[in-house]
Amino acid sequence: MKFILGMIGMIAVGLLAAQFLPWWSVVLVCFIAGAMLNMNGWKSFLCGLLAIFLLWGLSAGWDFHHGSYIIANRMGSLLGGVSGVALMFITGLIGGLLGGLGSMTGGYFRKII
Amino acid sequence: MKAILKFGLSALICLFFTILLNNPIPAGKTTIPPLGKLLNPFTGFWENGQTETGEQETVYLENSDLTEKVKIIFDQRRVPHIFAENIEDALFAQGYLLAQHRLWQMDISTRSSSGRLSEIMGTKTLKRDQLQRRRGMVYAAENAVKLWKTAPEFSFVEAYTNGVNAYIEQLQPSDYPIEFKLLDYEPEPWTPLKTALFNKAMAEMLSRGNEDIEMTNVRKLLGDSITADLYPQLFPNESPIIPNEVAFDFKPIEAPDSNTPPIGLIEHKVYSKPPPQLGSNNWAVSGSKTASGFPILCNDPHLGLTLPSIWYELQLNTPDLNVYGVCLPGVPGVVIGFNEHSAWGVTNVGHDVVDWYKVNWTDTKKEKYLFDGQERSAELKIETYNIKGQPPIYDTVRYTHWGPVVHQTPGKLDEDLAMRWVAHNSIGNELKTFHGLNTSKTYSDYRKAITNFASPAQNIVYANKSGDIGITVQGQLPIRPVEHGLTVQPGESTATDWKGFIPMDQLPHVKNPTRGFVGSANQRSTSTDYPYPYLSMHGGFEAYRGRTLTRKLDTMEQITVTDMQALQTDVYGLKAAEALPALLQLLEDTEMNESEKKYFNLLKKWDYEYRRNTPGPILFNTWFTNFYKKTWDEIYTMDKSHEMSFPSSRRTIALLNEVPAHDFFDLQETADQKETAKEIAILAFTEMAKKITDWEAKGNTLEWSNYKKLSINHVGFIPAFSRTDLSVEGDSKTLNAIGKTWGPSWRMIVAFGPGKPKAYGIYPGGQSGNPGSSNYDNMLEDWAAGKYYELELMDRE
Chain S
1 MKFILGMIGM IAVGLLAAQF LPWWSVVLVC FIAGAMLNMN GWKSFLCGLL
51 AIFLLWGLSA GWDFHHGSYI IANRMGSLLG GVSGVALMFI TGLIGGLLGG
101 LGSMTGGYFR KII
Chain R
1 MKAILKFGLS ALICLFFTIL LNNPIPAGKT TIPPLGKLLN PFTGFWENGQ
51 TETGEQETVY LENSDLTEKV KIIFDQRRVP HIFAENIEDA LFAQGYLLAQ
101 HRLWQMDIST RSSSGRLSEI MGTKTLKRDQ LQRRRGMVYA AENAVKLWKT
151 APEFSFVEAY TNGVNAYIEQ LQPSDYPIEF KLLDYEPEPW TPLKTALFNK
201 AMAEMLSRGN EDIEMTNVRK LLGDSITADL YPQLFPNESP IIPNEVAFDF
251 KPIEAPDSNT PPIGLIEHKV YSKPPPQLGS NNWAVSGSKT ASGFPILCND
301 PHLGLTLPSI WYELQLNTPD LNVYGVCLPG VPGVVIGFNE HSAWGVTNVG
351 HDVVDWYKVN WTDTKKEKYL FDGQERSAEL KIETYNIKGQ PPIYDTVRYT
401 HWGPVVHQTP GKLDEDLAMR WVAHNSIGNE LKTFHGLNTS KTYSDYRKAI
451 TNFASPAQNI VYANKSGDIG ITVQGQLPIR PVEHGLTVQP GESTATDWKG
501 FIPMDQLPHV KNPTRGFVGS ANQRSTSTDY PYPYLSMHGG FEAYRGRTLT
551 RKLDTMEQIT VTDMQALQTD VYGLKAAEAL PALLQLLEDT EMNESEKKYF
601 NLLKKWDYEY RRNTPGPILF NTWFTNFYKK TWDEIYTMDK SHEMSFPSSR
651 RTIALLNEVP AHDFFDLQET ADQKETAKEI AILAFTEMAK KITDWEAKGN
701 TLEWSNYKKL SINHVGFIPA FSRTDLSVEG DSKTLNAIGK TWGPSWRMIV
751 AFGPGKPKAY GIYPGGQSGN PGSSNYDNML EDWAAGKYYE LELMDRE
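Which chain is which? The protein sequence lines are S and R, in order.
Quick note: the first sequence, position 48, residue 48 per our numbering, numbers continuous.
Quick note: the second sequence, position 1, residue 1 per our numbering, numbers continuous.
Hint data in this document are derived by calculation from the structure and do not stem from the laboratory.
As the structure is a prediction and not an experimental result, all values here were calculated from the model.
Treat the hints with care, as some may be off.
[Claimed, not checked] Mimicking BS3-like on lysine-lysine, the simulated pairs with C-alpha atoms at most 25 Å apart in a straight line are: (1) R/LYS598 with R/LYS678; (2) S/LYS43 with R/LYS787; (3) S/LYS2 with R/LYS6; (4) R/LYS366 with R/LYS412; (5) R/LYS690 with R/LYS598; (6) R/LYS289 with R/LYS273; (7) R/LYS597 with R/LYS740; (8) R/LYS640 with R/LYS674; (9) R/LYS2 with S/LYS43; (10) R/LYS289 with R/LYS598; (11) S/LYS111 with R/LYS6; (12) R/LYS740 with R/LYS629; (13) S/LYS111 with R/LYS289; (14) R/LYS29 with R/LYS388; (15) R/LYS149 with R/LYS412.
Just chain S, same shape as in the assembly (with noise of 0.2 Å):
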């Protein structure tokens, strides 16, 4: 449970942040999430990875659909030679795997405090 609602927080918080702060505000939004979960290494480490692949990955499907497939394709093609779609998993695994260090850190800072 704890689990579930720490990823919905996560995204929700992150979403929000992303509006005002830099890109990458969502591993601050992570690290704090984290350290407040309190859960233990890779738990915490797959929380914040679902929580902004799912972040990230949406968004990124949510804007290809509303007119960003032309970007999405050239940019795929530009990056590698991969699809738009491939492009939109790979964001979110990067979001993924910079929400699920941010939340990482944060659970082992609470261990120390």
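Given chain S, work out where chain R should sit, using these hints.
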């Protein structure tokens, strides 16, 4: 302890990835853009998508700099029709919209012009930047701004600048054009200097051509008589822009030859030059030759084709102005277009406006030089190069009496070359010119407007509703003996200096000639009756297009818009028509294998039309290229350490037809034989046949459009944003002039009538400069197919 270690390690990895993804990473020759910044869906590239509905849309622009709000109607192709209360408001809106659609293109083209690419690209563009600074591009642009400031029209460029900046100011990083995100930098404010820099980039592309260094070497290595034989400035049957009925009854300014001795070989390598094929067509036919009884005007400038396109279409409307046409991204007003009364178009004047002078330094620091028997100080300008990721570099550019020293040999005091170029101190005011043309109602309005235009010199064609047509060879053209313009000159005295510029009222022009049309395709301006010597920047005027145009227009009557579209997309190859019969004749009794026979027969049947599905163009062009190289093998192999010019194809064809036993047809590699045109033609044909047989064997069908492909590259050469392998018709020498990377950058036809003019146009690209927009390249296929769109001069409500 273990917990601290875990936290520390985790934090390190987390920080490492965050920083890594926020910064560009050098990878060999390329750089991986900052992926986190670029890919995140909130400020990254995902925000750059833009799919247009294709519906007409009305928006209003409001800003404290505007006197009234401006109404903008975007039509289905996203062409803005701007309705403002005064000219400044209209130009503010133009600047705003150009920034909205073409901001990165405006940034990169002016950076490129001023030698500031390294600030964003790093050391790989440093050499190019240095060259631009040494050529004095910024100096030229600064001089232009100084001149603009003396005239009331300066408010136009100020209003435009404010419009661009109003758009930039409201941008969030997530709105930046994709290229800014990829190269990881921010837009900077626009300035009038940047507008001037854009104009100078055009001047560079169109008027920097010259062969002074190459011809100096040719003269030295081949001698005067061979040079005169192989490199004539004048060809028989010229078809000049100004018909021979025009008399030149004025007293010209004298320019005697200084008789300075030739200067010897020039060691410098020639820096890359704009492709010599760049040119254009324009013409106007009078009502006496049209079905409607009203004039029709046509223009298609052939330029390097890029995405985003060099042109942007728009209508500007105020109570005193109502003009439709294309503008350059960065320049206020309409460059080629029409209003309710008038239409105009431009082609490049091929006159050589660049000369090189040898500088004699008197000190080893190269600060003083010999001039008219005295020591003169050069003006030293320190250029600072801010390079991305590196400390800045400094370089001194030396300005002499002639202009900036461009070619330098370190350690040598008498080998540097200074460049004299009209664009450095141009006396024209483009703001006045284009405003004058945009608002012109009569022929005299047109003539008055263009006297303000100096560089790059243009053949400006004109037509109006009242039935007048005309053309003027307009620009700042130096007066000097042919000798001086042809070769590098000693720079020690005023004796070799230009004797001024052709006075504007003595420039060649014609109004309503008896033949019922005016036109130009970059050929010679006048017959030799014109009192000033005329010098081509590319070794004579072959005028394949110019002669085709005159011949075709001569025979046309009852002309309609459809006829004019057909003429703009005409693919008749006069070069092939002049060379092929003679070449085929030489092969009549030659033994051939199967494929050679096939090609020979295909060529015999060819009508010299460079159509998509014909085999003739592939065979002829390959054959002629081989023939040309074998003919001039002496010059290719003569002296590889000095740059040389090569004879024109026109002279080559003349020799083939008239002097088949000319010494130069002899092959260097066969010392014991003397070849003539016949042996060369056979060898060249056999080689062609082999090459094309191999090409066919790879599964290619023998059709011109399979062989000839057009690429339209992104301005920043990003392949994913470029279009390659486009199937097109035509050739560099046909009216529909298309090369591998250049072609008709805008086709326009304006037909006058009793009401508003009917106009048609298209350019190969789209209104949006955003590779993520559906309007980035939406007009490309129709352009390649030779289609046109109707251009609507919308009414003010």
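Right, here's what the structure says about each hint:
1. R/LYS598 with R/LYS678: Holds. R/LYS598 to R/LYS678 sits at ~20 Å (cutoff 25 Å).
2. S/LYS43 with R/LYS787: Given pair S/LYS43, R/LYS787 is violated - Cα atoms ~62 Å apart, limit 25 Å.
3. S/LYS2 with R/LYS6: Status holds; Cα separation ~23 Å.
4. R/LYS366 with R/LYS412: At roughly 10 Å apart (the allowed maximum being 25 Å), R/LYS412 and R/LYS366 satisfy the hint.
5. R/LYS690 with R/LYS598: Roughly 12 Å separates the two Cα atoms, so the pair holds.
6. R/LYS289 with R/LYS273: violated (40 Å)
7. R/LYS597 with R/LYS740: With Cα atoms ~29 Å apart, R/LYS597 and R/LYS740 exceed 25 Å; violated.
8. R/LYS640 with R/LYS674: This hinted pair holds, its Cα atoms lying about 24 Å apart.
9. R/LYS2 with S/LYS43: holds (18 Å)
10. R/LYS289 with R/LYS598: Given that 25 Å is the threshold and the Cα spacing comes to 43 Å, the pair is violated.
11. S/LYS111 with R/LYS6: Given that 25 Å is the threshold and the Cα spacing comes to 10 Å, the pair holds.
12. R/LYS740 with R/LYS629: holds (20 Å)
13. S/LYS111 with R/LYS289: Status violated; Cα separation ~91 Å.
14. R/LYS29 with R/LYS388: This hinted pair holds, its Cα atoms lying about 15 Å apart.
15. R/LYS149 with R/LYS412: violated (41 Å)
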